[in-house]
Amino acid sequence: MPTKTFIEAIREAMREEMARDETVIVLGEDVGRKGGVFLATDGLWDEFGPDRVIDTPLTESMIVGASIGAAVNGLRPIPEIQFADFIFPAFNQLLSEAARLRYRSNNAFGCPMTVRAPFGGGVHGALYHSQSVEAFFAHIPGLKIVVPSTPHDAKGLLRTAVRDDDPVLFFEHKKLYRSVRGDVPDGEYTVPFGKAQVTRPGSQLTVLAYGLMAHYALEAADRVAADDISVEVVDVRSLRPLDKETILGSVRKTGKALVVYEDNRFGGYGAELCATIAEEAFDYLDGPVMRVAGPDVPGVPYNHVLEDWFMVNPDKIEAAIRSLAAY
Amino acid sequence: MAVSDRATGGVSHIGQDLGLTDDDLREMYRLVALARGVDERMWVLNRAGRIPFVISGQGHEGAQVGVTWALERGKDWIAPFYRSIATCLTFGMSARDMMTAQYATAGDPSSGGRQMPGHYGHPDHNLLSVSSPVATQILHAVGIALAAKIRRTGQVAATFMGEGSSNQGDVHEGLNFAAVHKLPFILVVENNGYAISVPTSAQLATENVADRAPAYGIPGIVVDGADVLACYAAAREAVERARRGEGPTLIEAKVGRLTAHSSDDQQTKYRSEEELAALRAADPLPRFREQLRAAGVLDDAAEADISARIKAEVDDATTYAEGEREPDPRTATRWVFAEDWPGERPPRDWAEETGQYDRLAGDGSEAAD
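Going down the list, the protein sequences come from chains F and V. For what it's worth, my numbering labels the leading residue of the first sequence as -6, then goes sequentially. For what it's worth, my numbering labels the leading residue of the second sequence as 17, then goes sequentially.
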């Protein structure tokens, strides 16, 4: 099986979906001739032309809003927000329009659109090129949110997103783009929404994570295995719809849950996972549901010492695992 | 949209240059009057306590019918706004469709009773669903136009909004993009002089919204919104430009808002009686009527016939909507997505768990299919 980087898998998914379906278009800032600031759309402009790979002005609300209209009139747009930090001018279009169009029209209109946005820290991006934004959007009924952590899932989930009839937010951790390489099968496979993945089986404790944190969780689990702490790692990957069955199944088996997310701790997406476990697996718990998350400061600071202070890393996860395992 | 057969109908001097037959003109007049009839009935029902909220299009009907008539029904697209009663009627919705929206019934085609009145939409007529945040719809119409250009469908997309909405950032982003790509798009600003209570003098430093158009490299046309045929002429030219691939047009129709902003607004707090009286003198409905009578297109018999038909239609729509079922609360979790909460259970239904359905108004007969 060929191995590819995370960003190669994303690029391939878009290229193959555009070749398969002529209604798929890409639009965003610098996505055309330059191929995107991370080169996620590199080569698409040459292959599919400026009609289907559109360099837009710096107008995030328009990028999303026009994608909604294009979707209503028969296209399947893949708008790119250059950095997730810059998605907020489009928040109204996502919350008030994309997420509500089907519900408010009683299924008269839908919005098949996949908004791609690189997110996450640890890349010297500072306050405005590091943010995790999934919590804002996972709160909104009507949006589907996926966060892949492997090239395999990135390609399979992006295919599913493009073919979905509802708006999908596809968040790509930018630190994974070139640092992660993995098996990507040839052929037209998809990864369904609403399915979490047990990436490491274990018996004493469950760690739930997604994105870059899914890798750090595995690393921490490896380290504590030397001390006979058996950790099961679940890559949540589909934040909404959420695979409660796999998550609760794992926690009911191990009796302990640690939720890891890179975003600010307070009110983060992981808080919803904690609440779900507390409500639906309480009788199985042998310890408190715990969290490792980013500190509650308004952004990831730039200086490398400060950034290291902010970021959740395998050390912090390992410490939390040991503390929870001791219960 | 001139659908009538010219071989059997007359062509007056006022319609000739515009390619409008007398039948077209009478139908346009009927639509202006029908929109007014529906609108006036809404207020009566509101005062009578039958419907809780009204947002009105009175005074805007002439501009809406004139502009909308230039677009092709069933082919072109419109992203309307909350005053677009005449636009929606002209583009294919019926008086029953409009009235079920006022009552928010199960069969209301705009939203099945989910949205406030005024949030119209109909997929069969290419009328996109309206939301409440203003001006967001310009980007949808621009996107529809983008898809039309990419798919080479020959469609034109238009959006309508008030001058208050025209100050939103989405308008700038949308006009700029549509102009850059020469999209088949028309922005229609129905300038009624007020954003609820704030007059244009506190909204614009220029005299007209259309004055902004040259900055986007597109034509900006100011037209008397009470002159139905002038609105039609401006829109026809914009549609032709759009279909020729020459890009968007901004049409600003100066209209008067004959009612308060909504049934929850007391406009005498910020508008004088003299101002309101002057507005009524510039009402597009009697003005169009007199214009057609003077041109010999409308006579007493034709006018009486149209009035009778409108009264019957509005009565029928009211009775129909009064008799429609309420939406079933058991359907309230449907259509969050195309399929039922894929891979996830629907949201927890407290009404079910606490036996509230016995108390809720729905008759429970609309089982989820």
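Simulated from the structure, these hints should not be mistaken for laboratory data. Any given hint could turn out to be false.
Stated by the list, open to error - Computed Cβ-Cβ distance ranges for the label pairs, DEER-style: (1) F:E273 / V:E88: 38 to 48 Å; (2) F:R258 / V:R364: 22 to 32 Å; (3) F:P178 / V:E88: 39 to 49 Å; (4) V:P139 / F:Y182: 30 to 40 Å; (5) V:G108 / F:E181: 38 to 48 Å; (6) F:R258 / V:D332: 53 to 63 Å.
The beta-carbon is built from N, C-alpha and C at its ideal position, and this holds for glycine as well.
Checked hints:
Taking the beta carbon of each, F:E273 and V:E88 are about 54 Å apart, not inside 38 to 48 Å as hinted. Distance hint check: the CB atoms of F:R258 and V:R364 are about 25 Å apart, consistent with the given range 22 to 32 Å. Separated by about 48 Å at the C-beta atoms, F:P178 and V:E88 satisfy the suggested range of 39 to 49 Å. Judged by the Cβ atoms, the range 30 to 40 Å given for V:P139 and F:Y182 holds: they are separated by roughly 34 Å.
One distance hint, 38 to 48 Å for the beta-carbon pair V:G108 and F:E181, holds here, with the actual separation near 41 Å. In this structure, F:R258 and V:D332 meet the distance hint of 53 to 63 Å, their C-beta atoms being roughly 60 Å apart.
In this structure, only the earlier hint numbered 1 is contradicted, and the remaining ones agree with it.
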